[in-house]
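Asks: Sequence:
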Amino acid sequence: MANNEQDWRVFTENREAVIEQLEQGRCDGILPAARGFLDGFAEFLLRAGILDCFAAFPDRRARRTIGIFFFCHTLVYRPLFQLKRMAPIERTLFRSPYILRKLGFNALQIEEGFYDTPEAERPFTAQAIADCFAKAEPDDFLENQKAVLEALADYCPGEFLSGIWVMDSVHVHVPNGAHTDPHDLKVCVLGVWQESVVWPLLWVFVPESMNETKVGKKVFAAAEEALGQGAIRHLLVDRGFVDGAWITKLHDQGTRVTIGVKEDMLVMEEMQNLSRLSDAEWTPAEAPKIHDDPVPERAVMGFGHLQGEWENCDAPLSGCLIRDTYPKKTTYQGLVTTAPKASPTEILKDNGRRWTLEEVYMTATRYWEFDDLPPSRLGVALAMVHFALVAFTLLGFYLQETEDADDLETLNMGPPAIPLPERELAVYAGPYFALLLPSELMEIVLSNVDAWQDNREQLLMALRHCEGNV
63 MANNEQDWRV
73 FTENREAVIE
83 QLEQGRCDGI
93 LPAARGFLDG
103 FAEFLLRAGI
113 LDCFAAFPDR
123 RARRTIGIFF
133 FCHTLVYRPL
143 FQLKRMAPIE
153 RTLFRSPYIL
163 RKLGFNALQI
173 EEGFYDTPEA
183 ERPFTAQAIA
193 DCFAKAEPDD
203 FLENQKAVLE
213 ALADYCPGEF
223 LSGIWVMDSV
233 HVHVPNGAHT
243 DPHDLKVCVL
253 GVWQESVVWP
263 LLWVFVPESM
273 NETKVGKKVF
283 AAAEEALGQG
293 AIRHLLVDRG
303 FVDGAWITKL
313 HDQGTRVTIG
323 VKEDMLVMEE
333 MQNLSRLSDA
343 EWTPAEAPKI
353 HDDPVPERAV
363 MGFGHLQGEW
373 ENCDAPLSGC
383 LIRDTYPKKT
393 TYQGLVTTAP
403 KASPTEILKD
413 NGRRWTLEEV
423 YMTATRYWEF
433 DDLPPSRLGV
443 ALAMVHFALV
453 AFTLLGFYLQ
463 ETEDADDLET
473 LNMGPPAIPL
483 PERELAVYAG
493 PYFALLLPSE
503 LMEIVLSNVD
513 AWQDNREQLL
523 MALRHCEGNV
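Taking the numbering used here, I'd label the letters of the sequence shown as residues 63 to 532.
The hints are simulated quantities; they were obtained by calculation from the structure and are not laboratory data.
Treat the hints with caution; some may be incorrect.
Below, a list of computed lysine-lysine pairs in the DSS-like style, where the Cα atoms sit at most 30 Å apart [claimed, not checked]:
{"no.": "1", "residue 1": "Lys390", "residue 2": "Lys351"}
{"no.": "2", "residue 1": "Lys324", "residue 2": "Lys390"}
{"no.": "3", "residue 1": "Lys311", "residue 2": "Lys280"}
Per label pair, the in silico range of CB-to-CB distance [claimed, not checked]:
{"no.": "4", "residue 1": "Pro350", "residue 2": "Pro402", "range": "23 to 31 Å"}
{"no.": "5", "residue 1": "Arg518", "residue 2": "Glu257", "range": "53 to 61 Å"}
{"no.": "6", "residue 1": "Gly290", "residue 2": "Arg123", "range": "30 to 38 Å"}
{"no.": "7", "residue 1": "Asp434", "residue 2": "Arg77", "range": "37 to 45 Å"}
{"no.": "8", "residue 1": "Pro346", "residue 2": "Asn238", "range": "47 to 55 Å"}
{"no.": "9", "residue 1": "Gly476", "residue 2": "Pro346", "range": "32 to 40 Å"}
Cβ atoms here follow ideal geometry from the backbone N, Cα and C, with glycine treated the same way.
Using the sequences and the hints given, assemble the complete structure.
Replies: Below you can see the structure in the form of structure tokens.
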């Protein structure tokens, strides 16, 4: 951090240390306290090294008086507080000492200049956030998220044990504004699969028209730079990413690929021909969750040694042909996986896991509103989408470390409720804070009234910060 910037810290609870300072007539700040997930979440970000990653976000601003870390951190909290636009951030986050403490800042830091400049201006405005990211390039977000991915893989290795990853794209629209152009973007997302959820961990913003395979290669290459070759043991993708040479390369480097095939591909034609042989047997399978009425009768058939049926693909291939029988029609779908042996039910199950990312997109749209964007400059729109995805994954990783994790039916959910301040006060002294009832604080002050005579104004200022009247 630059010398003229403050040291950004998350304060740890230490009741004894705070009381010792209070008895000596010292106190750095007093704020309303609240018990909730945000305290633990802030500590999680610190321990995992995420705040250091934010501090390294590429900064294209001419003036860098306020560290870019603060703006990155703030945009992570925007969806957690269910703020749809930039303007409410200024009214909600930057005007509340209680919420600033949740962001990791205490009253002393505010008093020393974070909050009010020498000219009595407030530097943390919605406009300041917009200006911070206005010139950001798409690759700025990709490069910074690579650092976040590395930090999470190091701190939370258990989240990556499945080795199963999903890649798919989602589209976002930035509407036309009075002074800004509209944009239609594709966001190609790579995430790790984990039972009921896929955690988005790396993505890239590209024009909507860019070929899926081209953008997919870019995201996957970035993931390998962060995690190492072969760390992604199994990749699930849809048929938009069909590229025989690329899939062969991934197989040779230790990544198995399961992918849908297109109707006009030779390997699809061969599976259909083989299914017509007299000794071919269909295996009943569970009906699809998403279907046209009425519910079809589904069956699958498996095939091996298909690699000669896909031009430019030299990896071993096993296939699964899916048959859905309706009263008046029968439809077929094809899947292949780069493994010498795999049952059709196994391949079908893996393809079902791929759909988990689609369910995450629905959650992110419905509850996180990550794609509900206002007219804005391109860099600002990218930042809003980017940090909403970051927040979704970081919150999910943190929740799995809590005592309530086993009670959650699914981790694919919207932001939790924000706790309101309680009766207790958060009293700060140095790097520590303690939760004290008002009567406890007054008893300590009155019992050490002589020590507080020289710091009377400091105590009053701390109490005014607590009231929000500064």
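Asks: Each hint needs a verdict: does it hold in this structure or not?
Replies: We went through each hint and held it up to the structure:
no.	hint	result
1	Lys390 with Lys351	20 Å, holds
2	Lys324 with Lys390	23 Å, holds
3	Lys311 with Lys280	14 Å, holds
4	Pro350 with Pro402: 23 to 31 Å	28 Å, holds
5	Arg518 with Glu257: 53 to 61 Å	57 Å, holds
6	Gly290 with Arg123: 30 to 38 Å	33 Å, holds
7	Asp434 with Arg77: 37 to 45 Å	43 Å, holds
8	Pro346 with Asn238: 47 to 55 Å	51 Å, holds
9	Gly476 with Pro346: 32 to 40 Å	36 Å, holds
Of the numbered hints stated above, none is contradicted by the structure.
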